[in-house]
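Residue strings, one per chain:
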Amino acid sequence: MKKKIWLIEDEEMLIEMYTDVFKLAKLEIETTRTGYESLEKLKRIREGKERKPDLILLDLLLPDINGIQILEEIRKYEETRNLPVFILSNYAAPEMKEMGIELKAEKFLLRIDYTPSQLVKIIKERLGEK
Amino acid sequence: MEFLVPVILIAVLINLLLGFFVYIKNRSRKINLLFSISSIITAIWVFPNFMAGVWSIPFWVKFGYGFGALVPLSALLWVIELCERKITKEEIYLLSGLGIFFFIVSYTNDLIVANVKRVYLGGFEGEKGPFFVSYWIYIVGMLFFILYVLISSYLKAKGIKKLQISYVLVGAIFYIGTVVIVSFILPLMGIYKFIPLDSPSSLFLLFFTALAITRVHLFEIRVILTEALVSGIALILLVQVLIAPAFWLKIFGFLLLILFSIAGYLLVKSILKEIAMKTEIERAYEVEKRAREELEKIAIQERKLREKDEELVKELKKLDEAKNQFILITQHHLRTPLSIMKGYMSMLLDGTYGEINEKLKKPLLNFQKSTEDLIKLVNEFLDISQLQVGGEILNLKDVQIEDLLSEIVEELKPETTAKNLYLKLEKPTQPLPQIKADPKKLKAALFNIVDNGIKYTEKGGVTVKVRSMNSEIKIEVEDTGMGMTKEEIDALFSGFFKRSEEAKRAYATGRGIGLFLSDQIIKAHQGKVWAESEGKGKGSTFYIELPLQPSELRI
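Keeping their order, the protein sequence lines are chains P and W.
Position one of the first sequence corresponds to residue 0 (numbering that gives the first Met the number 0), numbered consecutively onward.
Position one of the second sequence corresponds to residue 0 (numbering that gives the first Met the number 0), numbered consecutively onward.
So that you can see chain W by itself, here it is in the shape it has in the complex (with noise of 0.2 Å):
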């Protein structure tokens, strides 16, 4: 029996210390001073049991139940704190004033247990006091109250909460289920020496309490378990050395003691360590979840995005077409009364309808000239806004350049001889680079910038220079004519459309909307076309660039 001793001992310095531990834990929370007054209250209840195997004296019986009567009114308050329930003050004062009663009582009369005439380990014997019943009836009344209080909040609370009584409960079974063994069943048994051990098991309550209330990895029951087993046996393996017989069994078995402290302290290291990482792992896993949730949704957006560019470029395409059929309609319309204007008058010209006299020829042949003005004008309209809607995509080939403005000379030769003005093409001996162009286009851009120089030239004549260079061709247009003002070449390919005071420059210079075609034509094929003049009188020239591969083209 004697073992028991140190055991009882241990149990009040465990108690004591997990008092002191949940209070350092956190100071300002009132649960955590409320379980550590109660963790002391009930380790000095405990106390007395471990002397009355040292030092047999009748106080400690008093001294026991006093505490005793503190024990479950401490318990209820942070039961009460720890499932949040609701105490009225004056229910306080009740519960607190009944428990200070019964301290008192015991601690100084007689009148609970009188007349103590021995005591040993585990029990005493004496006589019944008056209130011997009342006693117990409070106790256990006390005890049925906590353990419905905690039950009915376990049933009702959820998450962390729910977890946290359960703990509280599952040390509440320990040590009920302790008390049971060692105080009823053992006894039945006729074994009476485990009855000792029935205030110090509830430890059990406080170590699971003490968990629950300071969290500390509530939600891991690896980790409890394993440092539960590993102080129950850390706990044995003292027990046996305070009671070992022999002097080096002692030693041997402090040896045994430290070893086995540290190999659990690092086993339960290695499993939070273990335990870190993993959540650790689930962090990242969850980072990256996250990441490859938010692309995803990007891609989604860009894929909608896509859809709507798609989409968008087929209504434009549809828009496209609608207005390209509403220029070749106009077209039609607006050449079909031009035609019969030109029809009519060349055949009142020709004498279809019989002779005309002299008089009336000159006003007919300047109706005539000013409808083929007209129908120029048309044509040439149309032909912008047929390129300005960007209907026609251009039409690419290669294109032997120096042929082609071969042919443009050749077409405007009669035009130069005419006017008596030389028209040249200075091109290198080697061929050029083929380009690719559309030389349907290309050609009339090229020709109405020729035709242009001749036009405003009266003395000398117009030279056409190609060359290559780098990935470009080069083209000059030099003519000897008139010559323009700064102001003059900035209106020349400007789109006149848009503002009235430019259409009137561009008109004044009378270079005509030809050149605005060639422009939109060049940039088409991502080149490029501007001019140069030294002034009035002086002539110009027309510089194109082409690139030989345009990397895309669209009009």
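If we strip away everything but chain P, and leave its shape as in the complex, we get (with noise of 0.2 Å):
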């Protein structure tokens, strides 16, 4: 079965860009948009309605709530206490960074630092698959 990659994203063209990348590397992609959407797919996760993905990659700037908020939902429950985030996003500030390590954010990834397909080399690395 392929590896279930989410995306916590709002920008439409990462998006697109992220998803053509991740199918040429036989990655599962799902994508929220903002963090309303991302709460209600959590919920349906929780409750076995969804596959759990295999990682995450959150954004911190979201239309509505910002991506620490997600992170803290992700640890409080039971069923999706463990899975692997990476913070990847933009948005530098270094209390955010604080927050997200001490939410057990497995990278604080800087966008900009990396092409797609370094992305794509490091999660996979992360996922056990080279």
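The hints are simulated quantities; they were obtained by calculation from the structure and are not laboratory data.
C-beta: ideal position from N, C-alpha, C; glycine also.
Nothing false has been slipped in among the hints.
Heads up, incomplete: computed chain W residues facing chain P, CB under 8 Å, no partners named:
{"#": "1", "residue": "Leu327"}
{"#": "2", "residue": "Ser338"}
{"#": "3", "residue": "Ile339"}
{"#": "4", "residue": "Gly342"}
{"#": "5", "residue": "Ser345"}
{"#": "6", "residue": "Thr351"}
Grab the two chains, each in its own frame, and use the hints to assemble them into the complex.
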């Protein structure tokens, strides 16, 4: 079965770009564009209506709430507590980074530093697919 | 009865002295002049009472009555002046006319008292003249009028004026009281011998009035009472001297009087001194109080200023936070499209969207390179603005500077190897003292400078030297590169945002904005950075000085 990446991102072009590159890398990709949408999805995952993603890519600035709040929600419930989360954002406020580390985000990736293929490489390393 | 004779004489003399004293106290004031005239007239009026006891001739009766007519007139004039009452000239002429009329009538004719047969101390034997009744109506009327003026003025007056009038009234009460006692009450009890004291007791009135007019320690009742007591006792002693039956008693009394006078003088003086001291203390206290109030006012102002200051700082902090937030958001917004450009470019070149032909490869690579440059520029700009806004306070730690430099040299080694340059770090064998610094920022600052040296060197290499001197760390970054002109050096670290001309120059040298950032960071550490160059083609040296303990760390 393909590994599933959940991309939480509101910028349409980025979604398109990552979708292209992930497909090529044989990764399944699911996207939510707002905090609300993401929390709904999280609920479905908790209730077992949806398969858990293998990795979450989390943007920090979303139209409604910030990424840290979603991360808090992920860590709150038994069912999702251990999901690996990479923060992938161009928003680099130091306190956000601190909070992310506190909430056990595995990586804090400054988006602009990585090309999509570099990102795929990092993801695959994490998922044990080389 | 004989002893009263000198008493009366003394009263006369004191009256004269009072008049003289008040007059010389202030010759230009009308009230002083009027009072002096009044005192002299009163003295002259009292004088026949004395003469009657010494030389009994009927003339003294006329004399007494005559001047007696002038006494209330002269008194009324100073009373009006003292009470600041308005009186018309006509009224003055009328009253003066009356007074002078009775004076002339009494003094020259037998119209008031006639056929005086015998004169003695305190009285005479004679007949009433045709004007006797009208004379007394005039006298009593004048006296009541004076009292009326005094009392009504007293009720209206305020402050010092009220006090002045009250002194006069007290004197008047003493005077009237004495007259009532010696002329009416005592005679009713069969004692007649004190009757001659009636007119001399006007001295009381004059004495208190003199005080009121000259205003000598008017408010110090203690002094006045002491003075009155001392004068009273001195007077009694004087009388005793005069009436002493034996010569040796006179001498003894006189000595006693002198001793007492000296003692009395010293007593009054000491009281005056005490009062002066008290006043001085009060004034000093007043001054101190005012100073304290002034200080308090200053303290309040200071506190207000401080509060304002604190408010301002708070306001600034808020503003700072807002700006910081703004920069972070801007950072995000600028980086997102750049991320997309970078991402797609790399994907295109990777062949994600199919093989690209060779012809396209070069322009796409240029595109990618420019995108990377743009990203770097944006990052640098954002770093600078973040520093400039003052958003970031340095994160201070103990830093071993040579370790930091070693890391930099290690990281830049690949670059120099590629360019076939040397990169050396010269450090003392003993470890350098640690400095308080933000390791990340300081490293970035020094990295920029070394990197800059490598960038502009084609032959030779870069040497980094570090040592400590006094309480400073000194770093030199010496390259064998292209060197700089003086103008280029001047433009190196300047805030080229401020003036476009300098900005052009900064770009012209190709040094970019990295050095500006380095300068800002080093300044934030209260350090200094400057460059020297012998000129074009002769290499450059960058000097950095950092204090071990910056006193105040802010960006």
